[in-house]
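**Student:** Using the hints, position chain B against chain A.
Residue numbers (the working numbering), protein chains in the order written: chain A, 485 to 811; chain B, 485 to 811.
There may be inaccurate statements among the hints.
Since the list can't tell identical chains apart, any single copy or any two copies may satisfy a pair.
[What the hints assert, rightly or not] Straight-line Cα separation of at most 20 Å, SDA-like style, residue types lysine to any residue; simulated pairs: (1) 535 with 499; (2) 796 with 537; (3) 508 with 627; (4) 724 with 597; (5) 724 with 745; (6) 508 with 749; (7) 724 with 595; (8) 508 with 790; (9) 724 with 594.
Simulated from the structure, these hints should not be mistaken for lab results. These numbers were taken from a predicted model, which means no experiment stands behind them.
There are 2 protein chains.
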Amino acid sequence: MRSDVEVFQSALESMREEVNQALKDLIDHEVALGAGEVALEAGRVLNAGGKRLRPLLFLLAYRLAGGTQQDEVMPLALAFELIHTATLVHDDINDDARQRRGIPTIHAQTGQAKAVIAGDWLFVQGFGLGGRYSEQIVTVIARCCANIAVSEYHQLDHVLNLATSPEDYLSIVRGKTAGPFAAGCYAAGLVAGLEEEQAKGLERFGMELGIAFQLVDDLLDLRGDERMGKPRGADVYEGKMTLPLIHALTLSHGANRERLSQLIEHFSDEDFDELMTLLERSDSLDYAEILVRTHLERAQAELAAFPDSDAKSMMLVITDIVKERHA
Amino acid sequence: MRSDVEVFQSALESMREEVNQALKDLIDHEVALGAGEVALEAGRVLNAGGKRLRPLLFLLAYRLAGGTQQDEVMPLALAFELIHTATLVHDDINDDARQRRGIPTIHAQTGQAKAVIAGDWLFVQGFGLGGRYSEQIVTVIARCCANIAVSEYHQLDHVLNLATSPEDYLSIVRGKTAGPFAAGCYAAGLVAGLEEEQAKGLERFGMELGIAFQLVDDLLDLRGDERMGKPRGADVYEGKMTLPLIHALTLSHGANRERLSQLIEHFSDEDFDELMTLLERSDSLDYAEILVRTHLERAQAELAAFPDSDAKSMMLVITDIVKERHA
Numbered sequence: 485m486r487s488d489v490e491v492f493q494s495a496l497e498s499m500r501e502e503v504n505q506a507l508k509d510l511i512d513h514e515v516a517l518g519a520g521e522v523a524l525e526a527g528r529v530l531n532a533g534g535k536r537l538r539p540l541l542f543l544l545a546y547r548l549a550g551g552t553q554q555d556e557v558m559p560l561a562l563a564f565e566l567i568h569t570a571t572l573v574h575d576d577i578n579d580d581a582r583q584r585r586g587i588p589t590i591h592a593q594t595g596q597a598k599a600v601i602a603g604d605w606l607f608v609q610g611f612g613l614g615g616r617y618s619e620q621i622v623t624v625i626a627r628c629c630a631n632i633a634v635s636e637y638h639q640l641d642h643v644l645n646l647a648t649s650p651e652d653y654l655s656i657v658r659g660k661t662a663g664p665f666a667a668g669c670y671a672a673g674l675v676a677g678l679e680e681e682q683a684k685g686l687e688r689f690g691m692e693l694g695i696a697f698q699l700v701d702d703l704l705d706l707r708g709d710e711r712m713g714k715p716r717g718a719d720v721y722e723g724k725m726t727l728p729l730i731h732a733l734t735l736s737h738g739a740n741r742e743r744l745s746q747l748i749e750h751f752s753d754e755d756f757d758e759l760m761t762l763l764e765r766s767d768s769l770d771y772a773e774i775l776v777r778t779h780l781e782r783a784q785a786e787l788a789a790f791p792d793s794d795a796k797s798m799m800l801v802i803t804d805i806v807k808e809r810h811a
Numbered sequence: 485m486r487s488d489v490e491v492f493q494s495a496l497e498s499m500r501e502e503v504n505q506a507l508k509d510l511i512d513h514e515v516a517l518g519a520g521e522v523a524l525e526a527g528r529v530l531n532a533g534g535k536r537l538r539p540l541l542f543l544l545a546y547r548l549a550g551g552t553q554q555d556e557v558m559p560l561a562l563a564f565e566l567i568h569t570a571t572l573v574h575d576d577i578n579d580d581a582r583q584r585r586g587i588p589t590i591h592a593q594t595g596q597a598k599a600v601i602a603g604d605w606l607f608v609q610g611f612g613l614g615g616r617y618s619e620q621i622v623t624v625i626a627r628c629c630a631n632i633a634v635s636e637y638h639q640l641d642h643v644l645n646l647a648t649s650p651e652d653y654l655s656i657v658r659g660k661t662a663g664p665f666a667a668g669c670y671a672a673g674l675v676a677g678l679e680e681e682q683a684k685g686l687e688r689f690g691m692e693l694g695i696a697f698q699l700v701d702d703l704l705d706l707r708g709d710e711r712m713g714k715p716r717g718a719d720v721y722e723g724k725m726t727l728p729l730i731h732a733l734t735l736s737h738g739a740n741r742e743r744l745s746q747l748i749e750h751f752s753d754e755d756f757d758e759l760m761t762l763l764e765r766s767d768s769l770d771y772a773e774i775l776v777r778t779h780l781e782r783a784q785a786e787l788a789a790f791p792d793s794d795a796k797s798m799m800l801v802i803t804d805i806v807k808e809r810h811a
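The following block holds chain A by itself, in its conformation from the complex (with noise of 0.2 Å):
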């Protein structure tokens, strides 16, 4: 007989399933409208995998909402999963990455002004399914999206930025991957009709998850996870000030510091094992993990408010995928 968790696994990869046809069709859509290349790029890198935690999150919390119709929600649910494809886009071409989900990026593919318009172009189909909805909602994806964007720039701002601070960490985090997490399940929230104040509740169960997902990847980063489907080290080669770095400087000092300064403002690859021992020497790693586990448990404090479901379960599972990453 199988254990709960696994019949709710197994529900959560017959909804990742229909995510994931959804969107396949909405390529193939275009591309028979005539949309060709562009749409084949894009298609190419959105339909490549990857968890779909975003969209399977959002149609779990219009369900634990009430919510019954999903044709409703789903719209919204690809809306934000094409909104992120086309960020991935454009950051790919920022960092110069070659790959992403184990395949090359556009622009290593097509080149730069390519990926640049594929980017758009995922946008565009992204807008156009959440502009289906409410001004209000419309304004809550705007709003989101324009986040990102602002936290993007802080974010380069803070590149070798050794001074960065976890508050300046913080608030990109929650700008520019969490926003989206809380923007999509308060927008699914209100589809299924839930008052502002119970929204705003599973608003702040995404941020709560985003949050501690960013740090899972900033760990990952460092311990190197094939499953990423980009190198391990990317982030400190592109010099992303990540919460173990920045806790690390914080807490180093005397030679121990400057060492560990030199080897981010010069990282190679043969660096890598010197940089973990600095790492551990200051428990970096074991504090991300510390918040890791305390944002899962804020996110999960927060759907307490909701009764009980088999939708409840799964978002419930998803806190422990993040936790695990085991997907």
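**Tutor:** Frame of chain A, contents of chain B only:
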């Protein structure tokens, strides 16, 4: 006493000021909300002038269609201007253009990464405004923007392709330049409450006007015009196959065609006079001018279906502006 044309030009100038003020207010509002540098950079280019032909046309199309509450259509007009500016920002990255509207481009000012994001931010602002309308209108905007991307791909595929036909050219222009004129006029008509069939007349008006607009752009690039805010011959340097070049390549043969091909493929400043001589030998500039007149006449003919009004007179003034580019 002022002539009628002067009265309408002056009324247009007032409308342009209203549009400019609304765009400035939008940027100020975002800055007040904490958007910072991304809004300031985007605003720097957005508010550097420009004729605002698109938003003016859409406000007028709404009035022509019987609309009387300008607030009802203003967000639509601004949405198209914001999206237009977003595509300019991204185009300038891809063309490595240093100047736009007489000031440094965003990527010249801040580097590529921030310029990509500033363009995204402008898209988001545009869609945030456009998303306030009915699903039908949102679909019109999204379809129009997707077509811009598709046509930009085709344009890139035709760079320095000397076999580009007039049909290829028109298809690209319809998608990239004229499509937004058409979509905006059409949507403005729907906002005013027009029936589908009448709104389609406005769509055709916008399409014809937009084609003429691009043809004038092609001519100005060759003849030079300070008001373009970019150097003469930029299209030729970028390998863009504009209609005069396509026409000349089609009509020339033997040594003339060979020399023309060489000039286009390895263009440099000192070749300008020779290029113009070859274009004049095949009457290619005259040909483009005849096409401008043809498309403008077709645009004007579409307006005949609507009763005379100040709005109609001002739209006719705009078709003259496109012809003369004395705005």
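**Student:** If a hint holds in the structure, say so; if it doesn't, say that too.
**Tutor:** Going down the list of hints, with the structure as the test:
1. 535 with 499: Answer is within: at 11 Å inside a copy they meet the 20 Å cutoff, but 49 Å across does not.
2. 796 with 537: within (15 Å within a copy, 52 Å between copies)
3. 508 with 627: between (27 Å within a copy, 18 Å between copies)
4. 724 with 597: between (25 Å within a copy, 14 Å between copies)
5. 724 with 745: within (13 Å within a copy, 47 Å between copies)
6. 508 with 749: neither (42 Å within a copy, 40 Å between copies)
7. 724 with 595: between (24 Å within a copy, 17 Å between copies)
8. 508 with 790: neither (33 Å within a copy, 44 Å between copies)
9. 724 with 594: Intra 26 Å, inter 18 Å, cutoff 20 Å: inter-copy only.
Hints 6 and 8 from the earlier list are contradicted by this structure; the remaining hints agree with it.
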